[in-house]
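Residue numbers (this note's numbering), protein chains in the order written: chain V, 1 to 485; chain F, 486 to 736.
No lab work stands behind these hints, which were simulated from the structure alone. Fair warning: this is a prediction, and the values are worked out from it, not measured in the lab.
A short, non-exhaustive set of chain V residues, derived as facing chain F with CB atoms under 10 Å:
no. : residue
1   : ASP433
2   : LEU435
3   : GLY442
4   : SER444
5   : ASN454
6   : PHE456
7   : CYS457
No residue lacks a Cβ here, since even glycine has one placed at the ideal position from N, Cα and C.
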Amino acid sequence: MPSTTETVETVHAFTGGAYKYGFVTDVEMEMAPKGLTDDTVRYISAQKNEPQWLLDWRLKALALWRTMEEPKWAKVDYPKIDYQELHYYAAPKSTKNAPKSLDEVDPELLRTYEKLGIPLKEQEILAGVAVDAVFDSVSVATTYKAKLEEKGIIFCSFSEAVHRAPELVKKYLGSVVPQGDNYFACLNSAVFSDGSFVYIPKGVRCPMELSTYFRINAQNTGQFERTLIIAEEGSYVSYLEGCTAPQRDENQLHAAVVELIALDDAEIKYSTVQNWFPGDAEGKGGIYNFVTKRGACRGKRSKISWTQVETGSAVTWKYPSCILQGDDSVGEFYSVAITNNAQQADTGTKMIHIGKNTRSTIVSKGIAAGKSDNTYRGLVKVLAGAEGARNYSQCDSLLIGDKCGAHTVPYIESRTPFSTLEHEATTARISDDQLFVCRQRGLSSEEAVALIVNGFCKEVLQNLPMEFAVEAQKLVGISLEGSVG
Amino acid sequence: MTNGLVINDLRVSVEDKEILKGINLTIEPGKVHAIMGPNGSGKSTLAHVISGRPGYEVTGGSVTFDGHDVLEMEPEERAALGLFLAFQYPVEIPGVTNTTFLKTAVNALRKARGEKEMDPMAFLKMLREKAKLLQLPDDMLKRPLNVGFSGGEKKRNEMLQMAVLAPKLAILDETDSGLDIDAIRIVAEGVNAQRSPNRSFLVITHYQRLLDYIVPDVVHVLAYGRIVETGGADLARRLEQTGYADYTTAA
Ligand SMILES: Nc1ncnc2c1ncn2[C@@H]1O[C@H](COP(=O)(O)OP(=O)(O)OP(=O)(O)O)[C@@H](O)[C@H]1O
Ligand SMILES: [Mg+2]
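Next up, chain F with everything else stripped away, as it sits in the complex (with noise of 0.2 Å):
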């Protein structure tokens, strides 16, 4: 069995149109990996379909993760193996505050791994510390889930579920999209506090900014639903003054 992510030429369409083309990729534990990319090119759909989101069809290939097959599997049972994603566009939940909706997932992940329910007082304590953190204000714990949040404040929203829930693999699509300077440092901050021997990133983004933060172990290139390169942080630097030019005639 091979732990971490396993992804051996998947193949996935959307309403019969081809979206990824055969992508392989392996990410090891406590590696950090980047994917670049033109828009369109099939990266949010990669992250999608190793969660599990409904609306994707799988043609080929496999996607394993720590020796299980995840794709026969329901989402939140690959949540309970230990993947996360940070979703591009966060998702609105009106009444549902922050605090309920993350207590509820970290108590349904503890009972799926036959573990017991977290105390409340606890789990208080663990979320304020979280959020103090990523300098997210207490009330924003209180307020409903993403509702009338800014942009920013969204994707550091997704970063405090990130830091409760304590992935295995996490996924972050573009969540340095839309932050603020100093924001992207203190996500960055985050991530970097999170990084250890067991457990890898996916880190899904347009701009060498934030790889200078978080420096990635491999970055990818993703065109037209295939990786076209894959190279060292180097490979990052180089694209932000090249551009993706070089792979049009790739696909």
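So that you can see chain V by itself, here it is in the shape it has in the complex (with noise of 0.2 Å):
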């Protein structure tokens, strides 16, 4: 594990504590009047120059919205967010007219992403990463298309796809989550502005990670990103998002919808290292995340794999599920949630189990320091047809400090005695005696958490992609600084 001396190096860096991307890029915004309107939706769906399709569904999403509330029932505690007072479309000006390449893109964009550590530039020619860049609400960049294109891989932005892949996105858009399914992606769908979009055709192999970086930049924007990942009969995919936003004085919202389709022997991993503004110690400023992210697993012996690392957001609210509908199909979700100071986490997943001979695992690793507040809830369902099916869940818990809650929320239902359902689960405690160990041996407080805590969630950082375990385990050392001491 060479990345770990290198995770000791950077917490170190950034002792103090402050939030590395805290930064605003200067440039000018093209913004959508506050408020959410019927008008709204139709001035962002003219910005995309979408189709009247598209248009009548996202009314439609709006209308059915309308009638509906906001859930109370996640344990998470946050003031309540005042739709009207929110922008629902930014668009960086320079970005009106798409650039061709990299060289037409802003410079100021372009810096800002080189603070967050993904130079386009190198990426492009680094092997293996293809990232599509999103600036709030516009693709600025995507790279490595022509290399995907061969192989028939469509990887582009949402927005791009609605022209590129019409017949897809018509077919798929809502076919996981249907708009009405909850309050934030019902929102989501009237409102959405980009995202990503992959396309994997019959039996190919993406031969490269697929990477997304999400940025929130504008002030007081929602941000609705959309994004669809089909993988055909045979085919297989891994696709990475990655988040960092800069600072905030005020709460920004963030309701993103996740679609993955899985056929016949497909599969679909699918990767996110989520490090948001999490807010000041006391949870000022932070991102709300609201997430919906479904896989289906619709055709026979497909696989969808959810691992995240979530170590930002004030107030996360998020549970990657899978639907396991062919038979024979896999669903896994690995899971590290760590919450410091004032932040609140309400996540886990959904497990649902409808074909013969399913099998789903469950690992979930969530670290609380501060006064933070991290639960897991997780739902395994067994529908009466699914003979056959198993799961797997083992959720621990690992406390720093005496101030900070863990909560494990297991719920099993199942229609079928044809089953086996197995739960375990863990609390334990950072105690005195680890952290002066090693101390004794040479590492700071901080050094000292952050080796045992990546150590507890080395099972879950495993599942990362090569590229992006080490920018993880980083995180999760940076992400717990103060907690000692």
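Hints in hand, dock the two standalone chains.
Spelled out as structure tokens, the structure:
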């Protein structure tokens, strides 16, 4: 594990606890007027030159949303959001006429990404990673397109896909997360701005990790990403979503929707490293992250695997789920959720077993420090026809200090006697003796915490694509700064 | 400035109870001192206070190492000076392999001393050599620190850490307890191999047997919070016969 030392170094370099990515790019923005009406939706749709059917789809969602209530059941607490006080669309002006190459991209934007550690120019050269960078609502630059196109793979912004692959979008949009699924997903369906689209044709193994860095920039803009990934028969893709956001005074709403579809023998691996601004020590100024992520294993022997490392946001509410429809399909959920200071996270997964001999695995590692609250909420549901279904769930919590809380809420529902469901849960605290032995051997308290926590969540971090595992290990250390001593 | 460890009239309390009642002890570089004494007399307390474990109140006296006032320093700063403690009860850290733990420690110490990080391959080679000397199988290096190790394996693992971190003063708190006869010899040989003119040892033990292998320069008896007798290697042999009965009145 050569990266642990790196972790330790990085943690050292960031002592002081200031959020590294807390800066604001000075680019002229084009915004929709504040507020949410049919006209807002029409404005967004017009900006993107959308076909009528999509505008109608959005308007239907808005009408439905008006009839819905904000959910109250998650174990998170946040001030009431005034939906009429938000901007629902913001695009950097310079991307209005989309750039043909990186040279045409606003240099100010590129500098922003460089500060974030994703120099696109270098990534173009670096083999193996294609980056679709999202700056607020519009895709700024997409690299590696040509190489992917050779294989018939489509990897582009969602708005581009609406024009490039309208039939696919029309067929699959909302097919996994219906408009009325929940309050935030419904809002997203009405006002989604942009996001990523991936299509892997039959039998194709995507030759590189596809990666998107989301970035929230404009003040008072909600972010409503929409991601759709379709893996045809026998195909494979690994997708990574990474997020950072600049420091803000006002809380920012993020309500994304991610839909995955895996057909016969297809496999989708979806990894998230999320370190949005968590707010200051009191939680002020952080991101509200209400995300709906769901994958449908439609085909036989298909597989969807979610791996997430959640270290940021003031409030997180997120349950990446798998609907195991195809016989012998497999769902996996590997999660590390870290909360520090006043952060709140209510996260987990849902595994819905519909097909025969479907299998699911859940490994959740929750780490709570400061006065934060960390809840795992999981549902394993086995429907009547799902004979031979199996689930294994393991939920471990690690507490740092005595003012934080960790909660595990597993729901299990089985309608067939021919299923096997196993659940294990542990809670541990980093002991003073563990910290002391590390310090006696030369580590600072922060290095000690980073080492111990990285050990605790190793099982999950190992599931990340190599290139990102190192980054995630560093984040684990950075996000726990100031949690001891 | 005096080199080595100098403890002057050290007084330590835990929860208002005085445990160490004025300890005086000087360990010069290159010397091996042994401390013996009844259960609960304060031996581990002394080892912990020297290395900076939280939870003890120093009510008087001083501890210096190579002239540095160690009581003013963080535990990791003391480690960087070259102080090492082999724990009486080694601690488990799930998920963190022995190798990762030691590599992180080696590089943390090097950084504190303004040295460059060790080359990962060179580190692994060094680690395997040291493990071999202590007859620790390679697979233990890949296992999480002390998790599932037998009592004796944990103690030998402490010795591996000492060998890798190469301290200037190593305090061994009952490293021989729980070791089988062969393991005691292996551990003692490990210590002897590291004896050098600029490395000193403070060996806390209940048994003469260890001191047959690691012949100490000085032996102290710690009883009821005080050093009640100091002598040569023969003092340990005498104690083996008489026990600590003579000192019960010394308190
Ligand atoms: N945290 C603590 N709280 C209360 N009492 C303590 C604490 N730590 C040590 N003591 C007491 O201090 C005394 C000395 O303990 P210490 O562990 O130093 O003894 P020792 O000489 O190492 O004994 P042994 O030979 O059994 O290892 C004991 O009476 C012990 O109970
Ligand atoms: Mg003891």
